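Visitor: Chain by chain, the residues:
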Amino acid sequence: MFIPHSTKEKEEMLKSIGISKIEDLFDAIPKEHRFPKLNLPEGLTEMEALAELQEYADANETVRELACFLGAGAYNHYTPAAVDNLLRRGEFYTAYTPYQPEVSQGTLQAIFEFQSLIANLTGMEVANASHYDGATATAEAGVMAYHNFRGKRSKILYSEAIHPQYHAVLCSYLCGYEDINIVSGSSKNDPFASPDALIPQIDDDTALVLVQYPDFFGRVYDLTNLAAKVHEHGALLGVITNPTALGVLKSPGEFGADIVVGEGQPLGIPLSFGGPYLGFFATRKEYARKIAGRLVGETVDEKGRKGYVLTLTAREQHIRREKATSNICSNQGLITLAATIYLSLVGKSGFKQVSNLCYQKAHYAAEKLAALPGFILVNKDPFFHEFVLKCPKAVSEINEALLDEGILGGYDLGRDFPVLKDHMLIAVTEMNTREEIDALVESLAEVAHD
Amino acid sequence: MTEQTIYELSSEGRQGVRFPASDVPEVKLPAGLVRENLPLPELSEADVVRHFIHLSSFNYGIDVGFYPLGSCTMKYNPKINEETARLAGFTGTHPLQPEITVQGNLALMYQLQEQIKEISGFAGMSLQPSAGAQGELVGVMIIRAYHRSRGDSKRIRMLIPDSAHGTNPASSAMSGFEVVPVPSDVRGNVDLAALKTVCDDTVAGLMLTNPNTLGLFDENVLEVIKTVHEAGGLVYGDGANMNALLGIARPGDLGIDVMHFNLHKTFSTPHGGGGPGSGPVGVAKHLVDFLPAPVVEIVEEGTDEIPPLYGLVDPKHTIGRVKAFHGQFGVLVRGFTYMRMLGCDGMRRVAEYAVLNANYLLSKLKDVYTLPYKRVCMHEFVVEGCWSDAPDVHALDIAKRLMDYKFHPPTNYFPLIVHEALMIEPTETESKQTLDAFAEVLLKIAEEAHTTPELLHEAPHDTPVGRLDEVKAAKELVLCCWLPEAN
Numbered sequence: 118m119f120i121p122h123s124t125k126e127k128e129e130m131l132k133s134i135g136i137s138k139i140e141d142l143f144d145a146i147p148k149e150h151r152f153p154k155l156n157l158p159e160g161l162t163e164m165e166a167l168a169e170l171q172e173y174a175d176a177n178e179t180v181r182e183l184a185c186f187l188g189a190g191a192y193n194h195y196t197p198a199a200v201d202n203l204l205r206r207g208e209f210y211t212a213y214t215p216y217q218p219e220v221s222q223g224t225l226q227a228i229f230e231f232q233s234l235i236a237n238l239t240g241m242e243v244a245n246a247s248h249y250d251g252a253t254a255t256a257e258a259g260v261m262a263y264h265n266f267r268g269k270r271s272k273i274l275y276s277e278a279i280h281p282q283y284h285a286v287l288c289s290y291l292c293g294y295e296d297i298n299i300v301s302g303s304s305k306n307d308p309f310a311s312p313d314a315l316i317p318q319i320d321d322d323t324a325l326v327l328v329q330y331p332d333f334f335g336r337v338y339d340l341t342n343l344a345a346k347v348h349e350h351g352a353l354l355g356v357i358t359n360p361t362a363l364g365v366l367k368s369p370g371e372f373g374a375d376i377v378v379g380e381g382q383p384l385g386i387p388l389s390f391g392g393p394y395l396g397f398f399a400t401r402k403e404y405a406r407k408i409a410g411r412l413v414g415e416t417v418d419e420k421g422r423k424g425y426v427l428t429l430t431a432r433e434q435h436i437r438r439e440k441a442t443s444n445i446c447s448n449q450g451l452i453t454l455a456a457t458i459y460l461s462l463v464g465k466s467g468f469k470q471v472s473n474l475c476y477q478k479a480h481y482a483a484e485k486l487a488a489l490p491g492f493i494l495v496n497k498d499p500f501f502h503e504f505v506l507k508c509p510k511a512v513s514e515i516n517e518a519l520l521d522e523g524i525l526g527g528y529d530l531g532r533d534f535p536v537l538k539d540h541m542l543i544a545v546t547e548m549n550t551r552e553e554i555d556a557l558v559e560s561l562a563e564v565a566h567d
Numbered sequence: 016m017t018e019q020t021i022y023e024l025s026s027e028g029r030q031g032v033r034f035p036a037s038d039v040p041e042v043k044l045p046a047g048l049v050r051e052n053l054p055l056p057e058l059s060e061a062d063v064v065r066h067f068i069h070l071s072s073f074n075y076g077i078d079v080g081f082y083p084l085g086s087c088t089m090k091y092n093p094k095i096n097e098e099t100a101r102l103a104g105f106t107g108t109h110p111l112q113p114e115i116t117v118q119g120n121l122a123l124m125y126q127l128q129e130q131i132k133e134i135s136g137f138a139g140m141s142l143q144p145s146a147g148a149q150g151e152l153v154g155v156m157i158i159r160a161y162h163r164s165r166g167d168s169k170r171i172r173m174l175i176p177d178s179a180h181g182t183n184p185a186s187s188a189m190s191g192f193e194v195v196p197v198p199s200d201v202r203g204n205v206d207l208a209a210l211k212t213v214c215d216d217t218v219a220g221l222m223l224t225n226p227n228t229l230g231l232f233d234e235n236v237l238e239v240i241k242t243v244h245e246a247g248g249l250v251y252g253d254g255a256n257m258n259a260l261l262g263i264a265r266p267g268d269l270g271i272d273v274m275h276f277n278l279h280k281t282f283s284t285p286h287g288g289g290g291p292g293s294g295p296v297g298v299a300k301h302l303v304d305f306l307p308a309p310v311v312e313i314v315e316e317g318t319d320e321i322p323p324l325y326g327l328v329d330p331k332h333t334i335g336r337v338k339a340f341h342g343q344f345g346v347l348v349r350g351f352t353y354m355r356m357l358g359c360d361g362m363r364r365v366a367e368y369a370v371l372n373a374n375y376l377l378s379k380l381k382d383v384y385t386l387p388y389k390r391v392c393m394h395e396f397v398v399e400g401c402w403s404d405a406p407d408v409h410a411l412d413i414a415k416r417l418m419d420y421k422f423h424p425p426t427n428y429f430p431l432i433v434h435e436a437l438m439i440e441p442t443e444t445e446s447k448q449t450l451d452a453f454a455e456v457l458l459k460i461a462e463e464a465h466t467t468p469e470l471l472h473e474a475p476h477d478t479p480v481g482r483l484d485e486v487k488a489a490k491e492l493v494l495c496c497w498l499p500e501a502n
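Chains U and F, in that order, are what the protein sequence lines are. Counting in our numbering, the first sequence runs from 118 upward without gaps. Counting in our numbering, the second sequence runs from 16 upward without gaps.
Derived from the structure by calculation, the hints contain no laboratory data. Possibly wrong hints are sitting among the right ones.
Quick look at which bits of chain U chain F covers, simulated, 3 or more residues with Cβ under 8 Å [stated by the list, open to error]: (1) 130–138; (2) 238–250; (3) 285–293; (4) 315–326; (5) 449–461.
With a straight-line cut-off of 30 Å between C-alpha atoms, the simulated DSSO-like cross-links for lysine-lysine are [as the list claims (entries may be wrong)]: (6) 125(U) x 389(F); (7) 402(U) x 272(U); (8) 148(U) x 389(F); (9) 94(F) x 125(U).
As the structure is a prediction and not an experimental result, all values here were calculated from the model. Just so you know, even glycine gets a beta-carbon here, dropped at the ideal spot from N, CA and C.
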């Protein structure tokens, strides 16, 4: 399959090499292990492969048939048709990392535009070419903060209201550094502590204070005071953000954040069972040389024509080897392109509209649900497009009943926070119509009765 | 040829895509948190489409022509992969849906785990890692976790041959290991004598790229692995070069303990201009409990009528999560589609023809380009891109001159152990005609290097831009553009 050689061509090639059969090329492989019999199914034609893959796909239920109120780090948004149409250009998706800039200006300029969009959106001065996802971008923020103080500050203080999986990845990444302490700002029993509750724990040993905006429970807080206190101690403020919120809400940069990271999936990337997604990483210019990952910079060629190159490569693993602070190479290239096309298409007014629709619809849903007997809207502070609902029975049980009604219910917070048993995290986006929201309210009212 | 940026193309008041008006009563945005200025560009849909089509035309991809980038396995990316990955039944699934509603996804992941295990001879497999570099990091983390679980804390050194991949030292350092280089011998194998002198009870493991970055299969591989095992260390295999071994040898059978695979190299998923890739990690039996979480398992056996129930499970002593959710699922679908099409026989043919193509190309070039190790190569080979009688010509010049002849250059200046290295990997999907044309051009360039070297120094001549000023880029550091009023 996908091998063009005719028998005659193969023979000519063997002759040129000076051997009689292909097997002769593998003499260096230990004989007892050479040419194992593989127990794999027979190969399929394209027609058969498509049919088989369709069967796997059909065995799923999807947000196309179900009204989706599930978020918790991955969101159901509308993707304009032009995004995927342009992604299918073979010149984009069958190219490698742009190591040869003269024949990669398309990729390089698109990344430069991506960096610009992310910097503008987050209110920061520089952004890199991406990380694997929001969770690894968060972990790299921890690594950067640690190296920024040359290992002399050991504490990373985090809010319990960051995404639990991001916290888990931060811990996996940093467990190689014996001297780093990852410290919770409150306790697992107090996940709703506000960002200002972290302030008493910031000290001169703190390298990074890490919060999320909107936080894992959808809440938004003014971070200005926190930023000031972080900076009084000479530490860095890292903010995990959801780009959709930044269409109508103040950017982390405006509060004084030093590092802004997040998940770019809401920017036109399909849910696709959790990947491939897109981690973004933005910071202030003074830290540009400390960012991990690829950076594209503007320059000129010998004739003075504007062009783009991968720059500051001397920081990277293939040059600094074991002295590099990260082993990351290129990662989500095509997904950065998707996000760049998405933001270009929806533009200033479209993005603001999406952001506002999410906010309005989520608040409509929250108000209706809060009025239901047996349910309590937990969020008292402002929130964006997600909120926490305390339910009269187990979330898994409720979600099972909702599925029967064609509704994909919210996230069961009891999975991560034992104190939040029976608490559901509900997400609403521009994709949810008023009818869907009303149907959710009605179904939940029935569930409570049963 | 240049194209303005989306910020330069922006025109106030323009909009590409509109959304329906709100159908719910309006509430106020939170006081004190409302954004005043949203500096995004304003373009029409046609503006955007033309802009990105123009940009695409400045790119070179496998769909455009031959891309012999060594160590990157730039094989043809079948179009059917793009269709299957976009099936609505896959793209419309949320990663946190109840498992019962995503049995199709979980079954696919399970089958993919099983098939890579069969191809590689490993006992366990995790599809979590997002890329080769992350798979490698996971491999090193597993080695550390294994030694720690045995209370063996003195193993702080990681051995890395000088013919290994460039990311290996950084991955080891990130996991707190001290890196110890191991030299190659005259045949390009790991120097066994040198290996034996550094193997003691402080060695955590060896990171082995085999075939190595010279494109050579280590002739002493069993002895190398045995030496490390006898010292109590583990052997990590860098799977980036697995294309040479499909159906030829199983790394697990050779004694390798842990290894990552690159779906974007070996299993034909597109490189995407730098991702997304996928770097599954396979392990031998004694390391299964350390795999990153979660892995897919059968949680309830099926019957003849009912399929088994699949679920996401955390291995007992897992090193934890390395990304949110469950891996680069869309890439997994592409890789699985390809593997299902290859099947058992197709798998071995891939490796056979990849190695045939490399040796054929080598046979055409070896009289003109110096080959540092005169051996049968595997899926790729390295030659020197320089001649003593053309002293001003460098590998870089050859690479740039190839662009004038509409070929993508090979990898250059890697591996570091070869002077002016040109690392060439043709892959199995290229025809004899393409290889002949490429060889002919490389021979012509060798001639130009001696007769008209300025042609090489000034190359490339007709790409959208010429050689770019990288020093200026790093010094002035212009990393973003802004709307005109922001300046």
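Visitor: Each hint needs a verdict: does it hold in this structure or not?
Guide: Evaluation of the provided hints:
Requiring three or more residues with a Cβ within less than 8 Å of a Cβ of chain F, the coverage given for the region 130–138 of chain U holds, as 5 such residues are present. Chain F is given as covering the region 238–250 of chain U, and this holds because 8 residues of the stretch bring a CB closer than 8 Å to a CB of that chain, at least three being needed. A count of 7 residues in the region 285–293 of chain U with a Cβ less than 8 Å from any Cβ of chain F is obtained; the coverage claim is therefore met, three being the minimum. Counting residues of the region 315–326 of chain U whose C-beta lies closer than 8 Å to any C-beta of chain F gives 0; at least three are required, and the coverage claim is violated.
Chain F is given as covering the region 449–461 of chain U, and this holds because 9 residues of the stretch bring a CB closer than 8 Å to a CB of that chain, at least three being needed. With a C-alpha separation of about 27 Å, the suggested pairing of residue 125(U) with residue 389(F) holds against the 30 Å cut-off. Straight-line distance between C-alpha atoms of residue 402(U) and residue 272(U) comes to about 24 Å, which keeps the hinted pair within the 30 Å bound. The suggested pairing of residue 148(U) with residue 389(F) holds, with an alpha-carbon distance near 22 Å, which does not exceed 30 Å.
Of the pairs offered as hints, the one joining residue 94(F) and residue 125(U) holds, with about 28 Å between alpha carbons and a cut-off of 30 Å not exceeded.
Hint 4 from the earlier list is the only one contradicted by this structure; the remaining hints agree with it.
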